[in-house]
Amino acid sequence: MTSLVSARGVSKRFGAVRAVDNVSFDIEKGKILGLIGPNGAGKTTLLKAVLGLTDCEGDLSVLGFNPFRQRKQLMQNICFIADVAVLPRWIKVSQLLDYVEAIHPNFSRKRAEELLRQTKIMSTSRVKELSKGMVTQLHLSIIMAIDAKLLVLDEPTLGLDILFRKEFYSNLLNDYFDEERTILITTHQVEEIENLLTDIMFINDGKILLDSSMDSLSDTYVELMTSGDAAKKAHGLRPIAEHEMFGKSVMLFEGVSRDHLEGLGELRIPSVADLFVAKIKEARK
Amino acid sequence: MIGHQFALIKRELWEHRSIYVTPAAIAVIVTLGVLAMLVLASGFAKGLDLAIFGAQNIAGDLERRAVLAGFFVGTSWVFLVALMFLTVFYSLDSLYAERKDKSILFWRSMPVTDAETVISKLITAAIVIPAITAVGIWLTHLVNLIVTSIWVSGKGGDAGLLIWGSISILDNWLAALIVVIASGLWMSPFIAWFLFVSTWAKRMPILMAFMPPIVLGLLEWIVFRTQYFLTTVGERGDMTPLFHSMSLERFFEEEQWRDGVGNISLLEHMDLVGFVTDPGFWSGLLVCALLTTAAIYVRRYRDDS
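Chains as they are written, first to last, in the numbering used here: chain A, 1 to 285; chain B, 1001 to 1305.
It is possible that part of the hints are untrue.
As the list claims (entries may be wrong) - Distance condition first, Cα-Cα at most 30 Å in a straight line; then the derived DSSO-like pairs of lysine-lysine:
id, chain 1, residue 1, chain 2, residue 2
1, A, Lys29, A, Lys166
2, A, Lys110, B, Lys1102
3, A, Lys72, B, Lys1010
4, A, Lys149, A, Lys31
5, A, Lys92, B, Lys1102
6, B, Lys1102, B, Lys1202
7, B, Lys1102, A, Lys149
8, A, Lys132, B, Lys1102
9, B, Lys1202, A, Lys92
10, A, Lys72, A, Lys149
11, B, Lys1010, A, Lys128
12, A, Lys232, A, Lys279
As the list claims (entries may be wrong) - Derived, one-sided and incomplete: chain B residues facing chain A with beta-carbon distance under 8 Å:
id, residue
13, Trp1014
14, Asp1101
15, Thr1113
Said to hold, decoys possible - Pulled from the structure, derived: some chain A residues nowhere near chain B, Cβ distances all over 10 Å:
id, residue
16, Lys31
17, Lys207
18, Ser216
19, Ser227
20, Gly247
21, Ser271
Calculated from the structure, these hints are not laboratory results. This one's a predicted model, so the numbers in the text were calculated from it and none came from an experiment. Glycine is no exception: its CB is placed at the ideal position from the N, C-alpha and C atoms.
With the rest of the complex left out, here is chain B:
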C-alpha cells in the first residue's frame, strides 16, 4: 500500500509538472526581482549602496530585522497564493483528465484500487504540493540571502551581521512549513470537494466546482436573507485558529513594541495546539473524508468509458 502510494504520487508529479515548475518559476522571478532592486537602488543613491536588506541607512537594527522579516513573509505569501491556484487546478484536473483522454482504462488495468488512486491524489494536493511549496520558499530565501550577502560584502558591509544576524532563518522556515502543511489540512474539505467534482463532472469541472456553492449561497440569501453558508466558506480561508485572526498590520505593531531587539519570530504568532484542537480542524477533516469516499465511489461505479 505505502509502496504503491510512492509510485502513484511520483506519477502525479510526472503528469502535473506545474507542481514543481511553478515554485521554481516564482523562485527565479523573486531572485531576479531582488537582483534588479539591488542594482537599481545602488544606481539611484550612494547611500543605498548596501541596498535593501543590508542597508545601513535603514534606521536601526529593528527596522532592518522588520524589512528582512517582511521580505521573508512577502515571498512566502506569493508562494501561498500560487499554492492555492496550483491546488485548485490540480485537484480539479486529477480525476477528470484521465477520463477525458480515456487513460483511466490503462490505469485501471493495473492492480491498484480506486481508493489507492484517489487517496494518492488527495495526499498530493493536501501534503505533497504544500511540501514542495515549502522547499520552494526555503530555497528562495536561501538564494536571496546569499545573493544579498554577496552584494553587501562587495560594498564593504558585514553580511554576517547585517543579513544573517538579522533574521531567524530556522524560525521562518519552520513557520513557512507549518503554514503550508496546515493550510493543506485546513483546506482539505475544499480539496476533497474538487476531487469529487473532478471524478463526477462530465465537462467543465471548474464551473461545476464553483457554481453549486455560489448558487447555494444565493438561494440562502434569496430565501432567508442570510449569508451563513458563503460566510462560513469564505472565513475558512483565513485559517483563524492558527493565527488568532492576526492581521499583518497588527503583527508588525506587536513586533514594534516588543522588548529588546531580538529577531522577529513568526512561530510566536502561531498557535499550533489551538489549531489542531480546534473543532473546525476536525470537522474539516471529517468533511474531507466523506467527500473523498464519495470520489472513490464515483470513480469505482461510474462507467462512461
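So here's chain A without its partners, still in its complex pose:
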C-alpha cells in the first residue's frame, strides 16, 4: 500500500491550547477516510495542516510534499472544499471555469461543463444568484473535473437539505471516486457517510481516539442488547459503554470475541455514531 499522507508526531498550538496534539497516522491510496470529532476537536486544524494552509510541528508529508512549504505543487494534486459558502459571490460561473482552466494544470473544462449540464446552473449566472445547494453543485463540478489524487472535504454539505446531501455523496461515489483517488472527509452527519467510508478516524481534544478500517471495526467492536442475568454476566466482560433502550441494556464491547458474547443476547455491529459517542465518553472519563 502507498501512503499518500504520513503524519508523525504532528502538533499545532494556538497559544497554550494544543489544537492538534502529537498525532501520527497514515492515509493510503484508494481510501475514503472519515475524520470524525466534536466541535473544537482539532479536525479543521488537522485538515488545514494537511492542505498546507497552516504550519505545524512534527513530520507531515502529503503526496511526498511538505504541505506548508510546497503548497503550490501540492495543490496541483489536491482538491478541497472547505465549506459550501467559499466560492466568491461576485464571480460568474463562466469566469470561474476560465480561471480554474488557466490556473490548474489538471482541470478539464469539458468535464466540468458536462457535469454542469446535469444541473440547472447557467454559465452566465453569478454565484450570489445561486442557491446554497447550487453553489455546492458548482463547486463539486469543478472539483470533480480536476484530476487530483487527494480530495479533502471539510463539512462539505453543511446547511444543505437532505436531497442535495444525498446527491452530493452519490455524485462523489459514482462519478469521481476510483481506486486511484483518495478522499478525506469530515462531517457531523456521520450517519450519512458511514456506508461510503473505507476507514475512520476519531479525534478529540487534538488526539486520535480511533484509527481503523471499517472492515476491522466490525471485528473489534460488538454491540450487545441484553437484559436480566445475561446483562449481569455481560457486565463482567467490561463494556466500554452502556445505555438503556426499551427496558434492555445495550452494551458496547471493544476487543471482546463474539464467541464470548454469543448466547448473552442480540449481537449487532455498532453504528459509527454510537461508537463515536462511546469513545468520546470513554476519553472524557
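Please build the complex by placing chain B on the supplied structure of chain A, with the hints as guidance.
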C-alpha cells in the same frame, strides 16, 4: 508564472469592475460636458459659433493651442484624481474582501502561491489601473476631438487646422501615459502599504491605513515639535522629480513666452531621466518591496478563516 499572472489580473478586473467602469463614466461625463458647452456657447453668442476649442474669436493661434492643451491637461487631471481614489480603494479591498467573504479558502485551494496572488494585486494597482486610466484619457481626448471637429465643421470651420492642427496629440498622449505609469511606480510604497493593511486588518482597513501615519505625525509634533514625517509623505504626492516642482501657472507662463507658435509640448516639461535616477524613486520601490513581502508573509501565515 507569467501565465498565472494574466489569469490573476483578469480575475482582479472581474471582481473590481470599478477599475474600468470609473474611467468609462468619466469619459462619458466629460464628453457630455463638452457637448453641453458647445450647444450652450452657440446659443449665447453668434461669435462663439465655432465654440470652445475651434473658436475663431479666441484671439490667436497660441491661445487656441493653450485652450486645447488646457482641455487635455484638465481632462487628464480628472482621470488622475479618479485614479488616486480607485487605487486606494482597490488596494485596501483586494486582500481584505477575500477574507471577509471567506473566498480566500477557495483561492488558496488552487495551485497559486501567496506571493503570486499578492504580486498580481500590486501589478493591478501600480500598472494595470494606471494603464486603463491612460486608455480612458486617450479615448476621451479622441472622442472629444472628433465631436468638436464635427461641430466646428458643421459651422463652416476648418477642423483640420483649428482642432487637429492645434494640438500635439501624440505628445499629449505619451505624456499622459508616462504620468499615470510613473505615478503608479512613484506611489508604489503607498500601494504596498495599503495591500499590507488589506491583508492584516481585521476590520475597517481604511481606518487602519490612515490612522497610523496620522498618529505617527501627531506624536512627532507633540514630542519633537517637527513635522518631517507628514511633510515627507505629503510631498511625495507631487512627483517632484518628474516635473521639477512645476506649477500649472508657471507651465502656461513658460509656454506663453516660447519662441514661435509651435504646439504646446507636455513632454518637454518632463524629466524622465531625472525621475528614474532620483533616489526617491528607488527608495520608494525598496519600501514597496518590503511592504509587499510583509503582505505575502501575513497572507501566508495568518489563519483567521
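Worksheet item: When the hints from earlier in the document are held up against this structure, which numbers fail?
Response: No numbers; nothing is violated.
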